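**Student:** Mapped onto this note's numbering, the consecutive letters of the sequence shown carry residue numbers 1 to 118.
Calculated directly from the structure, the hints in this document are not laboratory data.
Accuracy of the hints is not assured; some may be wrong.
The following label-pair restraints were derived from C-beta to C-beta distances [unchecked claim]:
1) 12 to 60: 18 to 28 Å
2) 50 to 9: 16 to 26 Å
3) 89 to 40: 24 to 34 Å
4) 27 to 87: 31 to 41 Å
5) 108 to 11: 32 to 42 Å
6) 13 to 78: 12 to 22 Å
Keep in mind the model is a prediction, meaning the values are calculated, not measured.
Even glycine gets a Cβ: it sits at the ideal position worked out from N, Cα and C.
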Amino acid sequence: MPSVSVKNINDNDELEENNEKLFEVSQGEILYDELENQDFKLPHGCLAGSCGSCRVWVIEGEDELAPASAIEQNTIDAITQTYNETLGPDFLKGKTLRLSCRARVKGEGKVVIAALRK
1 MPSVSVKNIN DNDELEENNE KLFEVSQGEI LYDELENQDF KLPHGCLAGS CGSCRVWVIE
61 GEDELAPASA IEQNTIDAIT QTYNETLGPD FLKGKTLRLS CRARVKGEGK VVIAALRK
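Using the sequences and the accompanying hints, generate a full structural model.
**Tutor:** Laid out in structure tokens, this is it:
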């Protein structure tokens, strides 16, 4: 069964390595829904993929998620542009962004995520 591990990010945008929660999830389901069903709330807004409030950094297991839909990709592109303008291009260097309300688990492995602040 696939799993999702959620890590925290501190106020300096650094991962807190010793603070992680692990959840078993169902293949083919949406990340946000699977975690909410287990009483874990990620940041969210519209839950339709257009506001970007549910953005997460996929630290590990990107290949365990289905490709982003057009709606999700358009929102990710807008978020990326905003981060590049406000924090510089180095902030996202090496990071994969996804929207937890749209990202669907496709594989049987482990996905590690952290919620990013606006």
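**Student:** All hints, please: hold or fail.
**Tutor:** Here's how the hints hold up against the structure:
1. Between residue 12 and residue 60 the beta carbons are some 21 Å apart, a value that agrees with the proposed interval 18 to 28 Å.
2. About 23 Å separates the C-beta atoms of residue 50 and residue 9, a value consistent with the hinted range of 16 to 26 Å.
3. For the hinted restraint 24 to 34 Å between residue 89 and residue 40, the CB-CB distance of approximately 31 Å keeps it satisfied.
4. At roughly 34 Å, the beta carbons of residue 27 and residue 87 sit within the given window of 31 to 41 Å.
5. At roughly 35 Å, the beta-carbon separation of residue 108 and residue 11 lies within the given 32 to 42 Å, and the hint holds.
6. With their beta carbons about 19 Å apart, residue 13 and residue 78 fall inside the hinted range of 12 to 22 Å.
Comparing the model with each numbered hint stated earlier shows that all of them hold.
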